[in-house]
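*Asks:* Chain residues, written in single-letter form:
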Amino acid sequence: MIWASWADFFAMGGYAFYVWGSYVVTAVLMIAEVILVMRRHRATLARLARTVSAEQMRVEGE
Amino acid sequence: MNFLLSFSSPKTFYPLAGKLLPWFAGVAVLLIVLGLYLGFFVAPTDYKQGESYRIIFVHVAAAWMSMFIYVVMAGWSAAGMIWNTKLSDMMAGALAPTGALFSFIALWTGALWGKPTWGTYWIWDARLTSELILLFLYIGYIALRSAIDDPRRAARASALLAIVGVINIPIIYFSVRWWNTLHQGASVSPTMAPKMAETMLLAMFVMAVAFWVYTIAVVLARVRSEILERERNTAWVAELVLEKRK
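Protein chains in written order, with the numbering used here: chain A, 75 to 136; chain B, 974 to 1219.
Hints should not be assumed to be uniformly reliable.
Partial list, derived from the structure: chain B residues whose beta carbon lies under 7 Å from chain A [what the hints assert, rightly or not]:
1. Gly1023
2. Leu1074
3. Leu1080
4. Trp1081
5. Leu1085
6. Ile1189
7. Ser1198
What the simulated footprint calls covered on chain B by chain A, stretch by stretch (three residues with Cβ under 8 Å from a Cβ of chain A suffice, anywhere in the stretch; the number is not a length) [to be verified]:
8. 1028-1042
9. 1110-1123
10. 1174-1182
Per the computed footprint, the stretches of chain A lying under chain B, defined by three or more beta-carbons under 8 Å from a beta-carbon of chain B, are [said to hold, decoys possible]:
11. 86-96
12. 100-106
13. 116-126
Hint data in this document are derived by calculation from the structure and do not stem from the laboratory. As the structure is a computational prediction, the values presented were derived from the model and not from experiment. Yeah, the Cβ is synthetic: ideal placement off N, Cα and C, and Gly gets one too.
Produce the entire structure from the sequences given, and follow the hints as far as they go.
*Replies:* Here's what the structure looks like:
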């Protein structure tokens, strides 16, 4: 086993700032990208549904 | 042939991408977990750099992806210019944000690795500078696309930028050989035996494949939104969005 304890693991042999600074920022950015992409898709679907049904009502009204 | 055609028509590609997406997303998550496990709990401590070297697993994977995505993006751009296919341009456009993200991650983790190993976060070294140019190329590409309203003109202009910018990729890759750089030479290359312990190498490859599958998932999702927006005046999109609403 490489690590004697969890504290040892988090300390990263004195390089905690550099190692966790790399991994945490990477994780935050990648998760943010996934959330943004999913949100955009939902927003697109909702917006198009509004315009399409408005268009339908207009056509039916004529 | 029908299978191949479904990749070029937005109407058939949209549901196909939707079906493939959860599989790529699931595999990406599994591989990231496996890669992190190997990188933090199996790979040994480096005898020279101590634990700081563990940045490699995310740094190299992100740097490889930043270059690979650019080449794929330029490939789709070229395909779009040659065959004038709408979907090619959408694929190229959907790749750019993820490429920019991985270039930024490569630079960020590189800075955090540079400090303890070289004593500086940044230096105008050929490898670092050309990777920074790659980030600017992605940003320029995204800005150019959003600045031109007509999608066909935007596609042509941005495709040209993407194709010309490809010249930067071999410069990044060979920079450590062509110039005397502070950045180390390749740890892994197709022609030489790797200079790393096997478990370290394995963790690095797993992370690289994980990021690759992650990119496919995110790009498929992004291209689906793009398809809906560009095909919004077609009957199939109208049907689809109303169906979703029920």
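*Asks:* The structure should be examined with respect to each hint, and the outcome stated for every one.
*Replies:* Now the hints, each set against the structure:
A distance limit of 7 Å between C-beta atoms decides the matter here; for glycine 1023/B the minimum to chain A is near 5 Å, and the interface restraint holds. A least Cβ separation of about 6 Å between leucine 1074/B and chain A falls short of the 7 Å threshold, and the interface hint therefore holds. The closest approach between the C-beta of leucine 1080/B and any C-beta of chain A is roughly 11 Å, which is over the 7 Å cut-off, so the hint fails. Contact between tryptophan 1081/B and chain A, as hinted, is supported at the beta carbon level, the nearest pair being about 6 Å apart and thus within 7 Å.
A distance limit of 7 Å between C-beta atoms decides the matter here; for leucine 1085/B the minimum to chain A is near 4 Å, and the interface restraint holds. Checking isoleucine 1189/B against chain A: minimum C-beta separation of about 13 Å lies over 7 Å; hint violated. Satisfaction of the interface hint for serine 1198/B is found here, the shortest Cβ-Cβ separation to chain A being roughly 5 Å, below the 7 Å cut-off. Requiring three or more residues with a Cβ within less than 8 Å of a Cβ of chain A, the coverage given for the region 1028-1042 of chain B holds, as 4 such residues are present.
Three residues within the 8 Å Cβ limit are the bar, and the region 1110-1123 of chain B against chain A gives 0, so the coverage statement is violated. By the rule of at least three residues with a Cβ nearer than 8 Å to a Cβ of chain A, the coverage given for the region 1174-1182 of chain B is violated, with 0 such residues. Only when three residues or more bring their CB closer than 8 Å to a CB of chain B does the claim for the region 86-96 of chain A stand; here the count is 9, and the claim holds. With 3 residues carrying a beta carbon less than 8 Å from a beta carbon of chain B, the region 100-106 of chain A meets the three-residue requirement, and the given coverage holds.
With 6 residues bearing a CB less than 8 Å from a CB of chain B, the region 116-126 of chain A meets the requirement of three and the coverage assertion stands.
Checked against the numbered hints given earlier, the structure breaks hints 3, 6, 9, 10 and satisfies all the rest.
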